[in-house]
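A.B. asks: For reference, the chains in residue letters:
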Amino acid sequence: MKDIWTSIRRTPYQSLSAFLILFFTLFLTLILFVSLTFLYGSLNYLETKPQVTVYFQNKTPENNIFKVREELMNSGKVSNIKYTNKNEAFNIYKQDNKDNPLLLEMVSADILPPSLDIYAKKPIYLPEIAEYLKKQGDIDEVQYEKDTIDKLLVLTNTIRISALIFFSYLILMSIVVLTTMILFKIALKESEITLLRLIGATNFYIRKPYILESLFLGFTASLLSFGIFSSIVLYFHSFLQSYLKGITALSIDVFNYSLVIWPLNYIFFAIVFISISLFGAIISSVASYIATNKYLKV
Amino acid sequence: MITFDKVTKKFPLGNTALNDVSFEIDDNQFVFLVGQSGAGKTTILKMITQEIIPSSGSIIVDDFDVTDKNFSQIIDLRRKIGIIFQDFKVLVDKNIFENVAVSLKVIGADQSEIKTEVKKALELVGLSKKEFVFPIQLSAGELQRVAIARAIIGDRDIIIADEPTGNLDPKTSWDIMKIFKKLEGKKTIIIATHNTDIVNSFQKRVLVLKEGKIVKDQRKGGYEL
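Sequence order for the protein chains is D and A. End of the first sequence sits at 298 in the numbering used here; the numbers just go up one at a time, nothing left out. End of the second sequence sits at 1225 in the numbering used here; the numbers just go up one at a time, nothing left out.
I should point out that these hints are in silico values taken from the structure, not numbers from a laboratory. Beta carbons are placed, not taken as given, at the ideal position from N, Cα and C, and that holds for glycine. Some clues are possibly wrong.
Far from chain D by the CB rule (all over 12 Å, computed), these chain A residues [unchecked claim]:
# : residue
1 : 1106
2 : 1151
3 : 1156
4 : 1202
Calculated pairs, SDA-like style, for lysine to any residue (alpha carbon to alpha carbon, straight line, at most 20 Å) [what the hints assert, rightly or not]:
#  : chain 1 : residue 1 : chain 2 : residue 2
5  : A       : 1094      : A       : 1080
6  : A       : 1089      : D       : 192
7  : A       : 1010      : A       : 1075
8  : A       : 1105      : D       : 203
9  : A       : 1080      : D       : 194
10 : A       : 1105      : D       : 224
11 : A       : 1094      : D       : 123
12 : A       : 1204      : A       : 1163
Some but not every residue of chain D turned toward chain A, in silico, with C-beta under 10 Å [unchecked claim]:
#  : residue
13 : 102
14 : 122
15 : 200
16 : 205
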């Protein structure tokens, strides 16, 4: 630690530049990472809602409805189908309008249609399922969240691709700038490195101080990025709560583990912090490795 | 033992630094390499540490074949050799203790060993009272003593010195040579120099180089320019 601090003190401007570029990269990475996480969480959430609801005509025999259900289940494109008969529909209606007796008086089970709530395995199957249903007899109406899911899919894909390009640029820029900064530092110590090589130092011994300093800067930059980002998120927490009102939980699947991202929780914050610290460590290690490699040909 | 067998070094631009050079240096022998500038003295020293690889011939240093281009034990070899340079090569941002200790740190010695050995080496070169002084506060002669202390520490069997008195006044040069005298018989010492007074007074083995060839090898020799 003393050696790291001495090295930073002796070349303060190079160290500050390295720190700032790392901070810039890690902070933007953090914003993109969490935004993508929330978008994927929202997509997962929408996929848990009935994506296609088909209302049958009032007099449709249940057998016909079951036949449609069976054909859909056999198509391999549907993960689940929930059947709601007239009586169940009426119960739901009563529950939804329990505070409005006038509406309850006007409606009876006879006028409510039976329906199927269909959950597709993938959002891309939705148009196909809707088209199939429209061609069936006895159908009164087919509703599906095509626009919402389509928009979210397009948005997620666009952000993912843009983020990938932006990430690659950020990583490249950070590594190039960091490598240059470390090369400046090494140039000041070139005679020391030559001496160390001649007295039998291993490559790791020569590299170690530069790698440790880079790791220190990477970790400090991660810590600051995480601190600022967390403060922003917590500051806007009440806004997020009102914006996501009605959504009880958002989660994403990470290696078969369902990570809850909303409501905000310690596990999510811990994973974000570990990820960003690792990312910072990898960038800084790669840069110091490239920079020191130039001087280590025995 | 160091063995050079028909060693030739031709640089890419065509100049020949060494031409068919053969000699042997026994363990703990004291040898002067003498000759005018460009005679090949530094090339020989750099070949012993494998900074330069010969174009042909073989060099064996304590069972290490240093002419092997894929030589993977170069670190082990260099840990057996202490090097003293004309320009001292001390680390300006480290104090004298740290400058000497670096020789032991690179081989992974523990702190107590470093402390004991550095104190011993500094005592030998007469700098025991200056261990926490920085190089900028020392004279040229004292800096060369630091370099010698760094070279002899840590069981380094071979000491090679490239013009160790080249930047020093005559009195300081003699003081430095007295330190080498103390090491005589304990380590193999190879000193490249063109200081005739020193070579003649020591009466040790002298290899005289001229235009990349050994023209004289005297067991107790002198030297004339």
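A.B. asks: A separate judgement is required for each hint: does it hold in the structure or not?
C.D. replies: Hints versus structure:
Residue-level check failed: residue 1106 of chain A sits 4 Å from the nearest beta carbon of chain D, not beyond 12 Å. Distance check for residue 1151 of chain A against chain D: the nearest CB is about 8 Å away, which does not clear 12 Å, and the non-interface claim fails. In this structure residue 1156 of chain A is not separated from chain D by more than 12 Å, as the shortest Cβ-Cβ distance comes to only about 8 Å. Annotated as non-interface, residue 1202 of chain A keeps its C-beta farther than 12 Å from every C-beta of chain D; the closest such distance is 26 Å.
Restraint check: the Cα-Cα separation between residue 1094 of chain A and residue 1080 of chain A comes to about 23 Å, which exceeds 20 Å; the hinted pair is violated. At roughly 8 Å between alpha-carbon atoms, residue 1089 of chain A and residue 192 of chain D fall within 20 Å of each other, so this suggested pair holds. For a cut-off of 20 Å, the pair hint linking residue 1010 of chain A to residue 1075 of chain A is broken: about 25 Å separates their Cα positions. For the suggested pair residue 1105 of chain A and residue 203 of chain D, the alpha carbons sit about 14 Å apart, so the restraint of at most 20 Å is met.
With a C-alpha separation of about 17 Å, the suggested pairing of residue 1080 of chain A with residue 194 of chain D holds against the 20 Å cut-off. For the hint linking residue 1105 of chain A to residue 224 of chain D, the alpha-carbon distance of about 34 Å lies beyond 20 Å, and the restraint is violated. Distance check on the hinted pair: residue 1094 of chain A and residue 123 of chain D sit about 66 Å apart at the alpha-carbon level, beyond 20 Å; violated. The straight-line distance between the Cα atoms of residue 1204 of chain A and residue 1163 of chain A is roughly 16 Å, inside the 20 Å bound, and the hint therefore holds.
A hinted interface residue such as residue 102 of chain D counts as satisfied when its beta carbon comes closer than 10 Å to some beta carbon of chain A; here the least separation is about 88 Å, so the hint is violated. Given hint, residue 122 of chain D at the interface with chain A, is violated; its Cβ is 55 Å from that chain's nearest Cβ, farther than 10 Å. Satisfaction of the interface hint for residue 200 of chain D is found here, the shortest Cβ-Cβ separation to chain A being roughly 4 Å, below the 10 Å cut-off. Given hint, residue 205 of chain D at the interface with chain A, holds; its Cβ is 6 Å from that chain's nearest Cβ, closer than 10 Å.
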